[in-house]
Each structure stands twice: as C-alpha cells, then as structure tokens.
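Colleague: The chain contents come next:
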Amino acid sequence: GAVVSQHPSRVICKSGTSVKIECRSLDFQATTMFWYRQFPKKSLMLMATSNEGSKATYEQGVEKDKFLINHASLTLSTLTVTSAHPEDSSFYICSARFDSEQFFGPGTRLTVL
Amino acid sequence: DQQVKQNSPSLSVQEGRISILNCDYTNSMFDYFLWYKKYPAEGPTFLISISSIKDKNEDGRFTVFLNKSAKHLSLHIVPSQPGDSAVYFCAASGGANNLFFGTGTRLTVIP
Chain U
1 GAVVSQHPSR
11 VICKSGTSVK
21 IECRSLDFQA
31 TTMFWYRQFP
41 KKSLMLMATS
51 NEGSKATYEQ
61 GVEKDKFLIN
71 HASLTLSTLT
81 VTSAHPEDSS
91 FYICSARFDS
101 EQFFGPGTRL
111 TVL
Chain D
1 DQQVKQNSPS
11 LSVQEGRISI
21 LNCDYTNSMF
31 DYFLWYKKYP
41 AEGPTFLISI
51 SSIKDKNEDG
61 RFTVFLNKSA
71 KHLSLHIVPS
81 QPGDSAVYFC
91 AASGGANNLF
101 FGTGTRLTVI
111 P
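Chains as they are written, first to last, in our numbering: chain U, 1 to 113; chain D, 1 to 111.
Hints are computed from structural coordinates only; laboratory data are not their basis. Here the structure is a predicted model, which is why all the values come from computation and not from measurement. Take these hints with a grain of salt, some might be off.
Calculated from the model, a selection of chain D residues having no Cβ within reach of chain U, i.e. all distances over 10 Å [to be verified]: (1) V4; (2) G16; (3) N22; (4) E42; (5) K56; (6) Q81; (7) N98.
Restraint ranges, calculated between C-beta atoms of paired labels, are given here [said to hold, decoys possible]: (8) D:R17 / U:S54: 16 to 26 Å; (9) U:N70 / D:Q2: 25 to 35 Å; (10) D:S12 / U:Q29: 36 to 46 Å; (11) D:M29 / U:S54: 18 to 28 Å; (12) U:P8 / D:K68: 22 to 32 Å; (13) U:T17 / D:K54: 42 to 52 Å; (14) U:T80 / D:N27: 28 to 38 Å; (15) U:D99 / D:K5: 46 to 56 Å; (16) U:H85 / D:I18: 39 to 49 Å; (17) U:H85 / D:K68: 40 to 50 Å; (18) D:N27 / U:N70: 39 to 49 Å.
Just so it is clear, CB atoms sit at the ideal spot from N, CA and C, and this is done for glycine as well.
With the hints as constraints, model all of the structure from the sequences given.
Modeller: Spelled out as structure tokens, the structure:
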C-alpha cells in the first residue's frame with residue numbers, strides 16, 4: 001500500500017524558534033498533500049492543501065505566514081512553523097493523495113516551551 | 001462549525017460482541033464517507049469507505065451503513081476484538097480535496 005512518512009516524529013523547541021516538518025510519499029508520487037492539526041481530544045482540522053509546484057491553499061483562520069508550506073517535489077512537502085509559540089504545540093499530520101484516496105503519515109508531536 | 005459529528009466520545013464493548021460507532025453530518029453535498037482508526041501518537045489509518053450511491057459496504061468484520069435521508073452513518077465491528085481498541089474517526093468529503101473529520105470515538109474492547 002501507499003506509505004507516507006513524516007520527520008521528525010517528535011520535536012521540542014523554544015518559543016520564538018522555527019520548526020520544519022517533512023512529509024514524504026515513499027512509494028508513489030503525490031501532486032497533492034494535506035496538512036492537518038489535531039488538538040487534544042479534538043478532531044483533525046485541515047490546515048492547508050499543498051500542491052506540487054504551486055502555492056498552498058490555506059483554510060480559513062490558518063496564518064499562511066506562520067505556517068509555511070512548500071511542496072518542492074512530487075514526493076515531499078514541508079511545513080515550517082515560524083516563530084513558534086506554546087499555543088502552536090499540537091500533533092501535526094500530513095496526508096498524500098493517491099488514486100483518489102488519502103494516506104496519512106504517522107504525525108509529528110510539536111511541543112513549544 | 002462541525003459538519004461531521006460523533007456524539008459518543010467513548011464506547012466500551014465486550015470481546016466478541018458487536019461495536020457500533022455512529023456519525024452524523026450536516027452537509028448534504030458530502031458524497032463519500034470514510035472511517036479511520038487511530039492509535040495515540042500515530043496518524044489515522046484507513047479502515048473502510050462508502051459512496052453516497054450505496055447504503056452498505058462490508059469488509060470482513062467491518063460494515064459501514066449509510067442513511068442519506070438521516071445524514072447518518074455507522075460502523076459495525078463484529079466480532080469485536082481487543083486489538084480493535086483505538087479512536088475511530090469518521091470523515092466526509094464532497095468532491096473537493098477536503099476531508100471533514102468527526103471528533104472521534106474511543107473504542108475499548110474488553111477481553
């Protein structure tokens with residue numbers, strides 16, 4: 001089956017620093033990748049849709065200057081949380097679209113101190 | 001505004017019995033529905049899906065039922081096994097890329 005990886009799986013950073021999270025499709029090419037955020041005991045909320053070679057489409061309420069998304073190739077999308085603050089602490093999950101289905105990565109736990 | 005709702009945050013079932021997880025949606029444009037299983041600190045894994053042209057889809061121990069008039073779907077797991085213990089999310093889409101997720105139901109199967 002289609003496999004999606006994320007790196008790192010867990011990151012702890014100081015407030016004010018930037019953190020980059022990578023999402024890779026390992027055995028398929030994905031023109032579209034998605035970034036989700038999950039708060040404790042809450043649903044997964046779509047943050048943005050990442051399209052290879054073009055700008056990401058952000059959902060309402062998501063700051064595009066804070067959550068920078070780059071879909072540099074058909075197998076890699078990155079999410080950079082800039083100037084992270086404690087309220088950005090969350091579980092970030094990416095998914096990649098393949099054959100009309102979405103396959104999810106294992107997620108990245110971000111903790112901002 | 002939560003377009004997909006799972007009103008039961010948790011469910012406990014004895015091993016061997018049936019688990020029924022429910023999901024309601026509000027957007028009549030949704031035409032494809034999915035169930036995902038999620039373990040803590042992991043991404044969701046796809047379980048089963050159903051198109052709006054069907055009212056039932058079965059895969060092994062898992063069956064999804066769709067009632068379009070009631071905007072309701074349910075996931076039946078029978079027989080339930082301890083390894084089924086996880087959080088289950090239902091999700092819906094309406095032709096666009098977006099998946100709208102419910103808030104999840106934590107299923108505990110008691111041995």
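Colleague: Compare the structure with each hint and give your call.
Modeller: Hints and how they fare:
At roughly 8 Å, the least C-beta separation between D:V4 and chain U is not larger than 10 Å, which violates its mark as non-interface. With a closest Cβ-Cβ approach of about 29 Å to chain U, D:G16 is found to remain outside the 10 Å limit, as its non-interface label requires. The Cβ of D:N22 sits about 15 Å from the closest Cβ of chain U, beyond the 10 Å cut-off, so the non-interface label holds. A cut-off of 10 Å between C-beta atoms contradicts the statement that D:E42 is not in contact with chain U; the least separation is 5 Å.
The claim that D:K56 lies off the interface holds: its Cβ sits roughly 20 Å from the closest Cβ of chain U, which is beyond the 10 Å cut-off. Every CB of chain U lies more than 10 Å from the CB of D:Q81, the least distance being 21 Å, so the non-interface label holds. At the 10 Å boundary, the C-beta of D:N98 falls inside the reach of chain U, the nearest C-beta of that chain being 6 Å off. Roughly 50 Å separates the CB atoms of D:R17 and U:S54, a value that falls outside the hinted 16 to 26 Å.
Range check, U:N70 to D:Q2: Cβ separation about 30 Å, and the 25 to 35 Å hint holds. The hinted window of 36 to 46 Å between D:S12 and U:Q29 holds, with their beta carbons roughly 42 Å apart. As the Cβ distance of D:M29 to U:S54 is approximately 25 Å, the hint placing it in 18 to 28 Å holds. The hint said 22 to 32 Å for the Cβ distance between U:P8 and D:K68, and at roughly 42 Å that hint is violated.
For the pair U:T17 and D:K54, the supplied restraint of 42 to 52 Å holds, since their beta-carbon distance comes to about 49 Å. Checked against the hint of 28 to 38 Å, the C-beta distance between U:T80 and D:N27 comes to roughly 32 Å, which is consistent with it. For the pair U:D99 and D:K5, the supplied restraint of 46 to 56 Å is violated, since their beta-carbon distance comes to about 29 Å. The given range of 39 to 49 Å is respected by U:H85 and D:I18, whose C-beta atoms sit roughly 45 Å from each other.
For U:H85 paired with D:K68, a C-beta distance near 43 Å keeps the hint of 40 to 50 Å intact. Distance hint for D:N27 and U:N70: a CB-CB separation of about 31 Å, inconsistent with the stated range 39 to 49 Å.
The earlier numbered hints that this structure contradicts are 1, 4, 7, 8, 12, 15 and 18.
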